[in-house]
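Visitor: Based on the hints, put chain D with the ligands in the right spot on chain G.
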Amino acid sequence: MLKIENLHVTVGESEIIKGLSLEVPAGEVHAVMGPNGSGKSTLAYAVAGRSGYEVTKGDITLNSKALNEMSPDERAAAGLFLSFQSPMEIPGVAVMNFIRTALNAQRKQRGEKEISAAEFLRFARAKAKVVGLSDTKLKRPFNVGFSGGEKKRMEMLQMAIMAPAFAIMDETDSGLDIDALKMVGDVVNDLRAPENGGASRGFLVITHYQRLLDHIKPDRIHVLADGRIVKSGGPELAAELETHGYDQFAGEAA
Amino acid sequence: MTALKLTKTEQGLLAALPDGALAQALQTKGLPNRRVEGWRWSDLRTALREEKPLAKTFDGALPTEILSVSDATTLIFANGVLQTLGDLPDGVTLEQAGPTASGETNLPAGLAQSLADKKITLSITKPVKEKIYLRFIAKGSGAINTHLVVKLSQGASAHFVESYESADNPFVNGLATFDLAQESHLTRSILQPSAPEAIMVQNSFVKMAARARYDQTLIGFGGAYTRFETRIDGQGDDLTINLATAYLLSGKNHFDSTSEIRHHGLAANTEQLTKGIVRDQARAVFQGKFYVARGAQKTVANMQHKALMLSEQSEVDAKPELEIYADDVECAHGNSVGALDPALIFYMRQRGLSEEQVRTMLIGAFLGEVLQQISDETLRNALNDKIANAMEAGHEF
Ligand SMILES: Nc1ncnc2c1ncn2[C@@H]1O[C@H](COP(=O)(O)OP(=O)(O)O)[C@@H](O)[C@H]1O
Ligand SMILES: [Mg+2]
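Top to bottom, those sequences are chains G and D. Take 1 as the starting number for the first sequence in this note's numbering and just add one per residue. Take 1 as the starting number for the second sequence in this note's numbering and just add one per residue.
Chain D extracted, bound-state conformation:
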C-alpha cells in the first residue's frame, strides 16, 4: 500500500496510540473520509483538519442541567472523566479500568477504546426502575474519548437518559457497547443539543440475545460535525428493536445518523423511524441498513426516513438499504424528502395563525411521531419543550 500523507491530526493520534492493528490502520488509511464507504457524506478527516490534542481536564463549574430528569441517578462525564458519583440504584454496579488495547477496525471506536481515560463498565443485574442519566459534557478544543461498556443480565432492564453537551470546539469521540442477555430490556433516550463548532462521533454497538428488547430514541440538533452510529447485532430469536430519531438542524450544522441492524435469529420485530427538519445551510445524513440472514425467517422490519427541507441551501442525503437472505420475512423501507406545503400554510394562516406559528405547529406535528416512542411522559414532555423552545428562539434551532 502506498504511504498516505497523514494530516496533523492523524499524526497526533498516531503518536498517542500504542503499536498494533489500529495504529497501522490509521497510518495506512487515515481517518474515515469521503472515499470510504459509509463516510461519503460525513468526511471526518476533513472535519478534523485542525489538530485536536488530547483534552485537558474540565475546568470551571459544570453547566446546569439541560434536561431535568426526575427519578434518576446522574453520572457526569466531564471532558471524558467520570465525576464523583453518588449511590447507584440497587442492581447496578460500576467498574473502572484502564483503557484497553483495541481490536476494533472501526477507527473512531478503536480510538475511543485506546485513548479513553478509563473503560467504564456498568452492570445491570435486575429490573431497575430508577433512570440512569448520563451527561457527557465537553468543552475546550481538545480530543475527548469515552468508552462505556453496559451489560444487562438475563431479565434485567434499565432506562438510560443521555445528553451530549458540547461547548467550544472539541472533538468528542465515544464508544458504548451494550450487551443484552436474554429477556433483558434497555431503553435509551438521547438528547444532543446544537453544538455549532464541536465535532462528535458516537458509536453504539449493541449485541442482543433471545427475546431481548432495545428501544432507542435520539433527538439531535447537530453540530459542526455530528455522527451517531448504531450497530445492532441481533443474535437471538424474537428480538424487539425500536430506533426513533428526530433531527432539527439549522445554521451550518451537520448531523449524521448511521445504523446497521443485523438479524440472525428468528422473528425479530424491528421498527426504525427517522424524521428530520433542515433549514439554512444545514445538512442531514441518514444511512440505514437492515441485514437479514438466511436463517432469520419471520423477521418483520420497517425502516422509514422522512425529512422536511425548509430552505434551498439545506441538504439531506439518505441511503436506506436492505440486504435480505431469508425468504419468509416482511421488510420495508421508505424515504421521502419534501417541503412544507404552501397550500397548507395558506390554509392555516387564513384561520389566523402567523407563518411562524404555522411552521412551529407543523414541525411539532411532524416530529411528534418520533417523540411518541418515549413512553415516559415527563421525559417526553421535557424533550418536547426542548424542541418547542428551540423553535421559538427564532430561526436557529
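Bound conformation, chain G alone:
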C-alpha cells in the first residue's frame, strides 16, 4: 500500500535520504530501525510532505496514488498519519477543538459528512480513556505544558480517532514507560483488528528499541543507515540489532 521507490531527499544543502526503496503491503507493520541521524525522521517528513524536505528523485505512492505533488493536508486526507517524534504545542487552541476541526477538514476533503460536536465528544472521550488522558487535559490548550509522555499519548489519541489508512510512528516509544508502551501497542493492535479494517491498513514504526516491538509485532524490519536501507529481515532482526548494535552496518553505509 505504501510504496517508496529510489527516494532521494535533500534538506538544505545536504542529501539525507540517498536512494531508499521500501514497500509496506496492506495489513502489515514494518519497522525502521537505525542509528541517530541516519535519516529516519527525514524519511517520515518527506513522506508527509514537509516543506524544506525536498524530494529530488523517486516516487512515493499510497494505494497507487502519487503523494509527491500533494500538500501535507491532502496527504492527510488521503489517509496518511504521522506520529511526531517531537509533537508541537498549540497555544490558545483547545485539544478537542483542534482534533475535531482537523478530522472534519479531512472528512470534507474526502467528501464525507462532518462529525457533530456531540458525536465527536463521545467518541474522543472513549479513545482518551484508552490512551490515558484525563478529561481536564482534553479541555486544555493543545499540548501546552504537557509532559513528553503526555504529548506522545496525544499523538496516539489522534491516531486512534483519525484511524488513518497508513500511519508512520516516529519514535513514539521514546520517553514512554512500560505501561505507556503497552498502551501504544493497544492502540495499534486495535486499528489492526480485522473488524476495524486492519486488513487494509499499514504501519511504519520507527524505533530504536525492541521493547515496542514486543507489543507491536512487525512483519518486517528494515535497517536504515546513512539514508539507505542496508538490511531487511523478519522480526528476529530486532533481537539481533539489540545485541550487536548498528556498528556492523557502519561500513555498508559509508
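Hints were generated in silico from the structure; no laboratory data involved. Warning: the hint list may mix true and false statements.
Unchecked claim - Derived contacts from chain G toward chain D, CB cut-off under 8 Å, selection only:
#1 Met70
#2 Pro91
#3 Gly92
#4 Ala102
#5 Leu103
#6 Gly175
#7 Asp179
To be verified - Straight-line distance between alpha carbons at most 30 Å, and here's what the computed BS3-like set of lysine-lysine pairs gives:
#8 D:Lys386 with G:Lys139
#9 D:Lys306 with G:Lys139
#10 G:Lys108 with G:Lys65
#11 D:Lys306 with G:Lys137
#12 D:Lys386 with G:Lys108
#13 G:Lys217 with G:Lys151
Using N, Cα and C, we set each Cβ at its ideal position, and we do this for glycine too.
Guide: Chain D with the ligands in isolation, oriented as in the chain G frame:
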C-alpha cells in the same frame, strides 16, 4: 523661531482656527511629523499633504449597523454631527455646546476642540446597565472633527461600545475626554473597521479619581493612517486600569496605538495587552509608556506587546517605556515580534487542516487573549465574528 513653510492643509486649518496658542503652535511647528517625539513612525503632516477642507454634511442614507449591539442606546455621529437621538437611559444626560477655545498643546486634540461642530457632554450619574453605542460614521474627503466630554459621577458606571466607520478618504479627528470620579467604572469596547483611504486620529484623555476603574478594548484594522492615542492621568489611589488592543492589518494599512498611563496615587493595578497581526505591506506602531510618580507606591503595572508578522514587507515598530520614580512597585513590560512557526504549521496541516485554516486558527488563538477582556459575551462573539469574517474574506482583513 524660523518660519515654517506650511503645507496647503496646514494653511487651511490655520485659516479656520481662531487666533491663540493653538494657531500659533500650528504656525510654528506645523502638524505633528516624523521629527516630533512620539510621531516618528506616524507622520501626520505627510499623511495630510492633500488638503482636507472642512467636511460637508453627511448626505445619503446611513450605512447599516456593522455591529449589532443588543440592549443599547445608539448615538450616531455622521460626519461629526450628532443625529437625532431617542431616549437616553436613566442616569445619562447629554448637553450640546458650541466649540471651545483650546488650551491644548496636543495639536490634533486642540483642532478637534476648536473645529468640532459641537462639544457634546455626556454625564453619567449612576450605574447604567444599558450599553451606549456611539457610531462615528464618516465619508467624503473633508475634515471631520468631534469633541466628546464624558463625566462619570461617584459610583457611576457605563459601558460604551464605539465604532469608527470611515468610507472614502476623509480626515477624521476626534477628541474624547473622560472624567472618572471616585469608584466610577467605565468600559469602552471599540471597533475600527479597515478604512484603506481614510486618515484618522482619535485622542482619549482619561482622568481617574480614587478607586475608579477603566477598561478599554480596541480592535483595529487600520487605514491609510489610523492613530489611537490614550492618555490616562491616574490621580487617585487604588485604580484599576485595563487596556487591551488587537490589530489586524493588511494591504497598506497603518495603525498606531499610542498610550501613556501616569500613576500618581497608591496601589494602582494596570494591565495593558496589545496583540497584532500584520501582513502584506501593512505597518503597526505601538508606543506605550507607564509613568509612576514618586508617591505612587505599590503600583502593579504590566505592559505586553506581541506582534505576528505574516509577510516580509510588513512592519512593526514598537516602543515600550517605563519611567518609574517609586521604589516599591512591580512594573514589567515585554515586547515580541515574530512569525508563525513553520514547524507548527506543518504539524497542523499533517492533521488535515489547510494552510488557510491553520492561519485562521492560530491567529484567532493569538488574538483570543485580547477578546477575553470583553466580559459581555454577546459583544465578544460579535467582535470575534468580525475578525473571523475578515480573515475568511481572503487575504485582506
Ligand atoms: N531541518 C534540518 N536541517 C538541517 N539538517 C537536518 C535537518 N533535519 C535533519 N537534518 C540532518 O539530517 C540527518 C538525519 O536526521 P534525522 O532524519 O532527524 O535522523 P534520525 O531521525 O534518524 O535521528 C542528520 O544529519 C541531521 O543533522
Ligand atoms: Mg528522528
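Visitor: Now tell me if each hint is right for this structure.
Guide: Verification of the supplied hints:
Interface hint status for G:Met70: violated, as the beta-carbon distance to the closest one in chain D is roughly 11 Å, over 8 Å. With a least beta-carbon distance of about 6 Å to chain D, the hint placing G:Pro91 at the interface is held under the 8 Å criterion. Evaluation of the G:Gly92 hint against chain D yields a held restraint, the C-beta minimum of about 3 Å falling below 8 Å. Satisfaction of the interface hint for G:Ala102 is found here, the shortest Cβ-Cβ separation to chain D being roughly 4 Å, below the 8 Å cut-off.
Because the closest C-beta pair between G:Leu103 and chain D is about 7 Å apart, less than 8 Å, the hint holds. Given hint, G:Gly175 at the interface with chain D, is violated; its Cβ is 18 Å from that chain's nearest Cβ, farther than 8 Å. The criterion of a C-beta within 8 Å of any C-beta in chain D is not met by G:Asp179, whose closest approach is roughly 26 Å, and the hint is violated. Straight-line distance between C-alpha atoms of D:Lys386 and G:Lys139 comes to about 25 Å, which keeps the hinted pair within the 30 Å bound.
Restraint check: the Cα-Cα separation between D:Lys306 and G:Lys139 comes to about 25 Å, which is no more than 30 Å; the hinted pair holds. Straight-line distance between C-alpha atoms of G:Lys108 and G:Lys65 comes to about 19 Å, which keeps the hinted pair within the 30 Å bound. Distance restraint check for D:Lys306 and G:Lys137: the Cα-Cα separation of roughly 27 Å lies within the 30 Å cut-off, and the hinted pair is therefore satisfied. Pair hint D:Lys386 plus G:Lys108 holds up; C-alpha atoms about 25 Å apart against a cutoff of 30 Å.
Our distance criterion of 30 Å between C-alpha atoms is met by G:Lys217 and G:Lys151, whose separation comes to about 24 Å.
In summary, the numbered hints that this structure violates are 1, 6 and 7.
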